[in-house]
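K.L.:
Mind docking chain B on chain A? Use the hints.
Protein chains in written order, with our numbering: chain A, -6 to 191; chain B, 134 to 421.
One thing to keep in mind: the hints can contain errors.
Counterexamples of contact, computed for chain A against chain B with all Cβ distances above 12 angstroms [stated by the list, open to error]: (1) VAL70; (2) ALA71; (3) ALA87; (4) ALA189.
Think about it this way: if two alpha-carbon atoms lie no more than 27 angstroms apart in a straight line, the pair counts; the simulated DSSO-like pairs of lysine-lysine are [claimed, not checked]: (5) B/LYS350 <-> A/LYS186; (6) B/LYS286 <-> B/LYS350; (7) A/LYS140 <-> B/LYS273; (8) B/LYS365 <-> B/LYS325; (9) B/LYS230 <-> A/LYS140; (10) B/LYS273 <-> A/LYS186; (11) B/LYS350 <-> A/LYS140; (12) B/LYS286 <-> B/LYS273; (13) B/LYS365 <-> B/LYS350.
By construction, these hints were calculated from the structure, which means they are not laboratory data. Note that beta-carbon positions come from the ideal geometry of N, C-alpha and C, so glycine has one too.
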Amino acid sequence: MSVENNTNSFGGGFASPPIDAAHGFRAAMNAMARPGTIQAITGAVPPAGISAAAGTLLLTLCDPETGVYLAPDADSVALREWLAFHTGAPIVSADAADFALGSWAALMPLDQYRIGTAEYPDRSTTLIVEMADFGTANASLSGPGIKDVATLALPDAAACLAACQGNAMLYPLGVDFFFTSGSELAALPRSTKISAKD
Amino acid sequence: MDDYNFAYLDEQTKRMIRRAILKGLAVPGYQVPFASREMPMPYGWGTGGVQVSAATLTPKDTLKVIDQGADDTTNAVSIRKFFERTAGVATTEETTKASIIQTRHRIPEADLTEDQILVYQVPIPEPLRFLEPRETETRKMHSLEEYGLMHVKLYEDISQHGDIATSYAYPVKVEDRYVMDPSPIPKFDNPKLEMAAIQLFGAGREQRIYAVPPYTKVVSLDFEDYPFEASKADHPCDLCGSEHSYLDEVILDDAGNRMFVCSDTDYCRSRRAEGHVGRLGDSEGEAA
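This is chain A alone, in the form it adopts within the complex:
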C-alpha cells in the first residue's frame, strides 16, 4: 500500500470507517478536553502536503453538513477531490466555514471566522492549524481541562499568542483550534487562558 505519496483521490480513506473514526474522535476529544496534551491520531492518508492528523480529523468530523475552508497553502485540486470523495463536504469561504484548514499564517486573519452568537456560541468555526512540529512549548495554558498549568508550542509565537488571547477574551464566543503535525494533534478551545511561557 502506498502510504507516502497518495496521489489517487480515491485512496487514503479509512480502512474501517466506524473503527478508525471512533479512534480519531477519541484522540480529538481527549485533546479538546485536555488542552496542551498531544494525542496520537492516524487512520487517513491525505494527499501530499497535508498531515495524517489533519486528514484523519477531517474524515472523522466532516460530511455534507459541514462547510470546509481551505486556506491558500492547503488548497489543492488533489485535496478538494480527496475531501469530496471521502466526506462530501462542500468547500466554502472562510466566513461560512465550520472547519478551516491551513498553516497559521495562511489562516489569518482570525476575525474572518464565525465565532458563534450569544445564544448559540457553538455555531463557530474550528480551525485545524498545520504545524511543522510541536517543538518547544512557548505558551502557558490554564482553565478547564487543565489541572494546574499546561504548555503548548504555538506557531509564529508572538502574533499567534496575541490572536489566541484575543479569542479567549471573547468567551463564551470564539473559535476553537486543533494543531496538527504528522500523526499528532493538540487542541486549544476558547475556554483556555493563555500567556507567554516564562
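P.N.:
Just chain B now, with coordinates in the frame of chain A:
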C-alpha cells in the same frame, strides 16, 4: 456481533454527535443542540446517554452502566446488553476497570481517573426550565448570564423550609459562566463534579449535549449564610458499614424496620469483599 454498524448509530449521526461533544467541551456547561435520533428504547431510559456513548465508544473500551448507582437494574442491564450486542465491547461492573461509564443519576463513589469518561443520562437539561418554560427565554437568560431567578428559587426554599430543600439536580455554575443542571444526581455527588475524568451529558428527548472537561471549576449555587451542603442519610451502610457513601433506604417490613444500603453496588460489594461488615451484613456479603 450482529450486523449492526459499530455501536448501532450510522456514521453521519455519530459525526454530528461528535461535533456537538467537541463544542460542548470548548464551552463547558453550555447546552449544544443536536439532532437526537430515535433509539430502540423509550425516552427516559437514557436515549441521550446511549447516543453519546455510541459516538464515544471504541472497540478497545470497557463499558460500565449504572442506574442510581446499581449495575443490576433493568435500565443498566438493558443498555449494557445493547452495547455488548451492537458494539461488541467488553463490559464490567467494576468502576476501576471501566473506561466509559454511562450513568443515570449517580456519580460512582470511587474517584474516577484521567483515563475514564463519565456519560450522564439527562432528562431535562435546562436548569431554568421549571422557572421559565419558554426555550427562547432561557436561551436569552443564559446568553445574558441572567441567573437571578435561580437564586430566587433557592431563596424560596429557605423561606419555606428553613434551608435549601433542593436535594437532587442541584444547580451548579461551571467555570464562572454557565448555570448547569448536573442531571438528577443527589446533591451529595455535586462536589465530585470536579474530577479527573471527562464528563459528557446527553439529553435525548430534549436534544441537548453538554460537557465538563476534567478539573473544570464547578460550584454549587448557594448563599453566604446558607452555604451548600452535600447531604446524605445520617447512617452507615447496613451491609458494608461505610460512613461516607450515598445511601438508599429500604423498607424491610410493615413494622417500621428499615435498612440503609450503599446506592453504589460496586462500591458496597468491593468493601464487603475487603471484609467490612455493616449492621445487617455478614462477611459473605449476604444480608443476615
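K.L.:
Given the proposed pairing of B/LYS350 with A/LYS186, does the C-alpha separation stay at or below 27 angstroms?
P.N.:
14 angstroms, holds
K.L.:
Beyond 12 angstroms on every Cβ pair: is that true for A/VAL70 relative to chain B?
P.N.:
25 angstroms, holds
K.L.:
Please confirm whether A/ALA189 is truly not at the interface, meaning its C-beta sits more than 12 angstroms away from all C-beta atoms of chain B.
P.N.:
22 angstroms, holds
K.L.:
Checking one constraint from the list: CA of B/LYS286 to CA of B/LYS350, max 27 angstroms. Satisfied?
P.N.:
Distance of about 23 angstroms is within 27 angstroms: holds.
K.L.:
With d taken as the least Cβ-Cβ distance between A/ALA71 and chain B, does d exceed 12 angstroms?
P.N.:
23 angstroms, holds
K.L.:
Has the given pair, A/LYS140 with B/LYS273, been kept, meaning a C-alpha gap of at most 27 angstroms?
P.N.:
32 angstroms, violated
K.L.:
Holds or violated: B/LYS273 and A/LYS186, Cα atoms, limit 27 angstroms.
P.N.:
Roughly 26 angstroms separates the two Cα atoms, so the pair holds.
K.L.:
Just to be careful, I want the Cα atoms of B/LYS365 and B/LYS325 compared with a cutoff of 27 angstroms; is the pair within it?
P.N.:
14 angstroms, holds
K.L.:
Next pair to validate is B/LYS365 with B/LYS350; report whether the Cα-Cα distance is within 27 angstroms.
P.N.:
23 angstroms, holds
K.L.:
Does A/LYS140 sit within 27 angstroms of B/LYS230, going by the straight-line distance between their CA atoms?
P.N.:
23 angstroms, holds
K.L.:
Between B/LYS350 and A/LYS140, does the CA-CA distance stay at or below 27 angstroms?
P.N.:
10 angstroms, holds
K.L.:
For B/LYS286 and B/LYS273, compute the direct alpha-carbon distance and say whether it is at most 27 angstroms.
P.N.:
Satisfied, since the Cα-Cα distance of roughly 19 angstroms is no more than 27 angstroms.
Going down the numbered hints, you'll see the structure goes against just number 7.
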